[in-house]
Amino acid sequence: MIDPSVDLGRHTDQTLKGASRNLVRRELPRSDKCRAGIYLCRLRTVTGDRRQEGQGRFYASPEAEKRECNSLSQGETMLRDIFYVHGFGSRFNPDSDKIAALNALGPVRGENYDFTATYPETMNHLLEAVEGADLLVGTSLGGYFAARLGSQLGVPFVSVNPAISPASSLRAHLGSGTDHYGASFVLAEQTLESYPDYTADLDPALGLVLVDEGDEVIPVDRTLKVVRDAGIDVITFPGGDHRFRHMREAIPSIRDHLRRKQGVERV
Numbered sequence: 004m005i006d007p008s009v010d011l012g013r014h015t016d017q018t019l020k021g022a023s024r025n026l027v028r029r030e031l032p033r034s035d036k037c038r039a040g041i042y043l044c045r046l047r048t049v050t051g052d053r054r055q056e057g058q059g060r061f062y063a064s065p066e067a068e069k070r071e072c073n074s075l076s077q078g079e080t081m082l083r084d085i086f087y088v089h090g091f092g093s094r095f096n097p098d099s100d101k102i103a104a105l106n107a108l109g110p111v112r113g114e115n116y117d118f119t120a121t122y123p124e125t126m127n128h129l130l131e132a133v134e135g136a137d138l139l140v141g142t143s144l145g146g147y148f149a150a151r152l153g154s155q156l157g158v159p160f161v162s163v164n165p166a167i168s169p170a171s172s173l174r175a176h177l178g179s180g181t182d183h184y185g186a187s188f189v190l191a192e193q194t195l196e197s198y199p200d201y202t203a204d205l206d207p208a209l210g211l212v213l214v215d216e217g218d219e220v221i222p223v224d225r226t227l228k229v230v231r232d233a234g235i236d237v238i239t240f241p242g243g244d245h246r247f248r249h250m251r252e253a254i255p256s257i258r259d260h261l262r263r264k265q266g267v268e269r270v
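With the working numbering as the guide, the letters of the sequence shown map in order to residues 4 to 270.
Be careful, since some hints might not be right.
The following label-pair restraints were derived from C-beta to C-beta distances [as the list claims (entries may be wrong)]: (1) L177 with E252: 33 to 39 Å; (2) E216 with R174: 30 to 36 Å; (3) R262 with G234: 14 to 20 Å; (4) G217 with R174: 20 to 26 Å; (5) Q193 with P97: 20 to 26 Å; (6) G217 with D98: 30 to 36 Å; (7) E124 with V220: 21 to 27 Å; (8) E216 with S171: 16 to 22 Å.
Since the hints were derived computationally from the structure, they do not count as laboratory data. Just so you know, these numbers come straight off a predicted model, no measurement behind them. Idealized CB from N, CA, C, for every residue including glycine.
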C-alpha cells in the first residue's frame with residue numbers, strides 16, 4: 004500500500020513499492036506556481052489494476068511530469084475535479100485516450116450508470132455522482148447528460164458528439180441488445196419517451212460542443228444547426244468518428260472556453 008500522505012520532496016526518483024517498475028516518484032521542480040498547482044491535484048497512481056487518490060501527484064514518466072509542470076509554471080492551474088460521463092452502451096474507462104488527454108486539465112473521475120434507465124432516474128443518480136466537479140465532459144449520450152447536469156448545477160460543460168435527441172438516436176437500440184463490453188441490456192420505449200431535447204432549459208454560456216465531422220452515428224449537419232441555433236459555442240474537427248478522435252487537440256479550446264465564458268483564471 005502506498006502512503007499518499009508521504010512528502011514527495013523526500014523521495015526523489017524512488018521507485019514505488021508495490022507499483023509498476025516504470026512508475027517513479029519524483030520531486031517536483033521548486034517553482035511556487037508548479038508546486039501550488041500540483042498540490043491542487045489528487046494523486047492518481049496505478050498499482051496493477053488499482054488506483055489510489057490522495058494529496059500530491061505521481062507521474063508515469065519524467066516526461067509526463069515535465070510536461071505538466073511546464074504548463075503550470077506558465078500560469079495554467081489545474082482543475083481539481085473533472086467528471087466524465089460515458090455514452091450509451093459504454094462504461095467509464097480511466098485508461099481511455101480521451102481521459103488521458105483530459106488529464107492535462109486536471110484529475111478525471113467518472114461513474115458507470117444504467118443507460119437503460121429513464122431520464123429522471125439517470126439524472127438523479129448523476130446529480131449525486133458529479134457533486135463537487137469543476138468541469139463536466141461527456142461523449143454521445145454522456146454529452147447530452149453533461150449539458151443537462153451542467154446547466155442545472157451551473158457548472159461548465161463540454162459535450163462531445165452529443166446525442167441531441169436521444170429519443171430519436173437511441174431508437175435503433177430499442178429492445179434487447181449487447182453493450183460494447185458484451186453485456187446484455189433491454190431498452191424500453193418508456194426510456195426513450197422520457198428524454199427532453201438537448202437544448203431544453205440549457206444554459207448556452209456554460210457549454211462548449213466538440214464535433215468530429217466524420218461522426219457516423221449522429222448527423223453532423225443536424226447537430227451543428229441545433230447547437231448553433233441555441234447559441235452554444237461549437238468547434239468541429241475534420242475526419243474522426245462518433246467515438247471522437249481529437250480530444251488532445253481540443254484541450255487548448257477547452258481552456259479558452261473556461262477562461263472566456265466562465266471567468267475561470269489560469270486554467
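Discussion item. Are any of the numbered hints broken by this structure? If so, which, sorted upward?
Written reply: 2, 5 and 6
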